[in-house]
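Please put together the full structure from these sequences, using the hints given.
Protein chains: 2
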Amino acid sequence: MVRKRVKREVRGCVSAHARANESVAEKVLEVARRRGFIWQSCEIYGGVSGFYDFGPLGTLLKRNVENAWRRFYIKEGFYEIETSCIAPRAVFEASRHLECFADELVRCERCGAFFKRENLERCPECNGTLRFEGTFNLMFQTHIGVMREADAARAAGTAEASRKSERGEAYLRPETAQGIFVDFVRLLKFNRDKLPFGIFQIGKAFRNEISPRQSLIRLREFTLAEAEVFVLPEEKNKHPRFHEVADRMLKLVPSSEEGASKASEVSEASEASAEEGEALSVSVGDAVRNGIISSEYLAYHIARVQEFLESVGILKHRLRFRQHHKEEMAHYAVDCWDAEFWSEKYGWMEIVGIADRGDFDLTAHSTASNVSMAVRNDRGEKVIPHVIEPSYGIDRIIYAILESAFHEEQVSAGKEEKRRVLRFKKEIAPVRAAVFPLLNREELKRKAEEVFNMLREEMQKQGAIVVYDDSGSIGRRYRRQDEIGTPFCITIDYETLENDTVTVRDRDTMQQKRVHIGELTAFLNVG
Amino acid sequence: MVRKRVKREVRGCVSAHARANESVAEKVLEVARRRGFIWQSCEIYGGVSGFYDFGPLGTLLKRNVENAWRRFYIKEGFYEIETSCIAPRAVFEASRHLECFADELVRCERCGAFFKRENLERCPECNGTLRFEGTFNLMFQTHIGVMREADAARAAGTAEASRKSERGEAYLRPETAQGIFVDFVRLLKFNRDKLPFGIFQIGKAFRNEISPRQSLIRLREFTLAEAEVFVLPEEKNKHPRFHEVADRMLKLVPSSEEGASKASEVSEASEASAEEGEALSVSVGDAVRNGIISSEYLAYHIARVQEFLESVGILKHRLRFRQHHKEEMAHYAVDCWDAEFWSEKYGWMEIVGIADRGDFDLTAHSTASNVSMAVRNDRGEKVIPHVIEPSYGIDRIIYAILESAFHEEQVSAGKEEKRRVLRFKKEIAPVRAAVFPLLNREELKRKAEEVFNMLREEMQKQGAIVVYDDSGSIGRRYRRQDEIGTPFCITIDYETLENDTVTVRDRDTMQQKRVHIGELTAFLNVG
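Residue numbers (this note's numbering), protein chains in the order written: chain A, 5 to 531; chain B, 5 to 531.
Misleading hints may appear alongside valid ones.
One copy or two, it doesn't matter: identical chains are merged, so the pair holds either way.
In the EDC-like style, the derived pairs of lysine to aspartate or glutamate whose C-alpha atoms are separated by at most 16 Å in a straight line are [said to hold, decoys possible]:
#1 Lys-465 <-> Glu-431
#2 Lys-465 <-> Glu-80
#3 Lys-31 <-> Glu-348
#4 Lys-266 <-> Glu-282
#5 Lys-429 <-> Glu-314
#6 Lys-240 <-> Asp-382
#7 Lys-429 <-> Asp-512
#8 Lys-31 <-> Glu-413
#9 Lys-79 <-> Glu-462
#10 Lys-198 <-> Asp-474
#11 Lys-429 <-> Glu-413
#12 Lys-429 <-> Glu-487
#13 Lys-451 <-> Glu-499
#14 Lys-419 <-> Glu-103
#15 Lys-193 <-> Glu-47
#16 Lys-240 <-> Asp-363
#17 Lys-79 <-> Glu-453
Treat the hints as calculated values from the structure; they're not laboratory data.
Dropping the structure here:
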């Protein structure tokens, strides 16, 4: 995932924006906390900034998103691998994370609190003067094996020195990508020495942020879903399936004036974005032909990112792709576009980074390890493959899905009561359907449980969850399910006992339909 | 997961056994490495002991096992949560891992290498004298936030002291369970204050083992799948679904003579285990009635563990349940049984621990955090719930599956060549089917690709992978798929072009059947 360190102006504007719109986002987060989607880790010990737990409903939602993501990239023909979270110093020395993956640190002279420099002038907590304290590496450090300080000293110059790397300094990975690069030779062999190929990984990454305060947006432990596509440099501009995406429209914010002027020439419509500059509507094909996006591979993956995000319920009109300015680009990137989501709380925020990492990583590890990672091209020359990387921040995507899905509306004219509903796509909703007996009577409950057990088993084959609820009025049970985004509520009434039909109530239209029990499974899939 | 620290004799005997049987296990591991199931992490940097990566096929296998496990416990009505891997010192102080989760450390006076004490007398590497060095805590330590030594000193006695816990000492979790206990109050509320309920988590855990040398068996970073069942103490002996498992037979090795003698009274058959003592065949119901297993809840979950392990292809005759001796029990356990797998390389090895943790953890966190975790029982008394925990070591289970599935056989009488085949259950095989054109001719390849694309899409809906292969002879392609455990190989020949039928070759029987293309999906599911 691409790290941005110089986006100060943008962040400043985000915080100003945040204050104005807190109420909507606070409602989303309040529902999410109360109903068991997410909460801060270790709450009973006062919580720890930058760490969140996913509760039962949040985990169901997250699994559904991760599985949709996995299926999406398996369909691209990519393979998943799983590499370790802890890696020795050598890996991050080679990747230059030890040197470059740092933020500028300031400290309040009055209260002693630390902050990320950004464009702060005074302490946000006590208004004291801030003092620059140097750079702070954002990786979590640990040690593998028995390593005590006395040992380290003794180790120098003895036979033990050779063991030092094994027992020594290690870091928690700040991105999952390095595990894939380090395994490149194995992976190339698995692919029988042929390029291009894609490898992905879904897993935890860790960044010791200086003072994170934004729930799911800036976490110290978070989930990345990263795909690394290895391609010969001379083939970057001819993706075999480019035609499938060439006509799709993207909203682009190029980084240079030149890029912006090229884009406006081919743009079908331009759209003023809420806070900064303009996003231009350009087709994927035009963007490559006019040099706005640097290669077919990069553009192809930008288009796929947009497709995936829409498929999990992120609203298209709240999405754009913004190119990194040279100064904000990570040390390994040649070109990079962020998929940004317009959050009512945070303004435009990165949820996916799509980077052309060039040959930076493979060259770095090849040099450091002395293991060749070159591949022969058609002309028989040895070249280091290039890497195109879509890197998804899953937690931020979950947040964007929650905000996209959240609606609050009058229940009926004149009434105070508001209906809160999460309009998740049915495929990713934590719960697919709820089963209710209309009344708390034995014969209805018995039948409802029977329907529930049948349905639960059927739906589970597809990984979908069904719940049972017989507590409170039907209206209250509907509200309860609306609030957690359950697309279908199934009620068993006296007609059910007569003819085996039930009412299915649709979350979004609130319409009810009578459906035969035998057709329920199909109905819940098509809706 | 239950940690064993006193099992010295057993381990000693395991190593003796290991030497004798290296060849079979080496073949399994050689196939696993070469074909992309697993390999040591960071090989290009010389590897790091105790860390393994899952390659493309290993990850497919692992996902299938994890998903089967998830479905199994969702069917029990349990919910999944996801808590953070890093937790502050307070958590492990309360759980007593800081105090108790340690091994005894020895060091060679000659070469300086560290070892776990176990029953070693001389250095295994240079035969030098070993010196006892005290205990070594097995948790990986790190720090959250900006924490420099000078700061820590300054922090004492200032307003900053209160921030210390946030910025301070933290550990990588040695088991996923603690995250569930810490969240108990939230989870109880999610369950509307009703007991019993079950919560599970699948995720990474980390243990800084002193000198791990056993591939997937003793890892420093590994995957646990843990379920925590919260139940009122007075209800531990009446599990509502006990009747479903009461008649199942278990092979038990009780820890006490008393337990063994009770077991032999009701045992239908006794079986001498390969290395130590006897395993007694007892029904689940008899085991509880006769006090061999201490409660219905514990026995119920032992039975479910056996059911799950068999369902993913672990051979029943290589499974037994061994009760922990008092001295080897983890500090939090009241009673504990290990599901052990008979490995040709490692002897009897723990793959699942099923523990009665009593009220240890909730009492500990309740006391430390001052947050009440008591629940009212039927009589209106406030009691701390008890915890029954099946804790699965997924990496060891993967190893057990590989060893269970591995077969080597003569291809035909008199021939030297051996056929290596992994007989995975078809539901968990990394690849469900491979599609081949019989010959390398355009018309066959075209048709084969068409069948492949259709099948790939259909099977992906169920999360199953299909591959295409047109390289080398058909015989060689069969061997390639046998070696990675693909249950079905589909060949497109000239008859396919005439009547849309293909041959499907079964991995285990090596029989071929002609199947119509339209019936392929169903055939691959039923087989």
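Checked hints:
1. In this assembly of identical chains, the alpha carbons of Lys-465 and Glu-431 lie at most 16 Å apart whether taken from the same copy (13 Å) or from different copies (12 Å).
2. Taking the shortest alpha-carbon separations for Lys-465 and Glu-80, only the inter-copy value of 14 Å comes in at or below 16 Å, while the best intra-copy value is 24 Å.
3. Proximity of Lys-31 and Glu-348 under a CA criterion of 16 Å is satisfied intra-copy only: 11 Å inside one chain copy versus 57 Å between copies.
4. Taking the shortest alpha-carbon separations for Lys-266 and Glu-282, only the intra-copy value of 13 Å comes in at or below 16 Å, while the best inter-copy value is 80 Å.
5. In this homomeric assembly, Lys-429 and Glu-314 come within 16 Å of each other (Cα to Cα) only inside a single copy, at 10 Å, whereas the closest approach across copies is 36 Å.
6. For the identical chains of this complex, Lys-240 and Asp-382 are intra-copy neighbours only, at 14 Å inside a copy versus 69 Å across copies, given an alpha-carbon limit of 16 Å.
7. Proximity of Lys-429 and Asp-512 under a CA criterion of 16 Å is satisfied intra-copy only: 11 Å inside one chain copy versus 42 Å between copies.
8. When the C-alpha separation of Lys-31 and Glu-413 is checked against a cutoff of 16 Å, the pair qualifies only within one copy, where the shortest distance is 13 Å, while the shortest distance between copies is 64 Å.
9. In this assembly of identical chains, the alpha carbons of Lys-79 and Glu-462 lie at most 16 Å apart only when taken from different copies (11 Å versus 25 Å within one copy).
10. Taking CA atoms no more than 16 Å apart as the test, Lys-198 paired with Asp-474 passes between copies only; the shortest distance there is 14 Å, against 58 Å inside one copy.
11. In this homomeric assembly, Lys-429 and Glu-413 never come within 16 Å of each other (Cα to Cα): the closest approach is 19 Å inside a single copy and 51 Å across copies.
12. In the homo-oligomer, the alpha carbons of Lys-429 and Glu-487 lie at most 16 Å apart inside one protomer (14 Å), although the nearest pairing across protomers, at 41 Å, exceeds that limit.
13. Taking the shortest alpha-carbon separations for Lys-451 and Glu-499, only the intra-copy value of 11 Å comes in at or below 16 Å, while the best inter-copy value is 52 Å.
14. Taking CA atoms no more than 16 Å apart as the test, Lys-419 paired with Glu-103 passes in neither setting, with 60 Å inside one copy and 59 Å between copies.
15. In this assembly of identical chains, the alpha carbons of Lys-193 and Glu-47 lie at most 16 Å apart only when taken from different copies (14 Å versus 47 Å within one copy).
16. Proximity of Lys-240 and Asp-363 under a CA criterion of 16 Å is satisfied intra-copy only: 12 Å inside one chain copy versus 60 Å between copies.
17. Taking the shortest Cα distances, Lys-79 and Glu-453 sit within 16 Å of each other only across copies (15 Å), while inside one copy they are farther apart (38 Å).
Of the numbered hints stated above, those contradicted by the structure are hints 11, 14, listed in ascending order.
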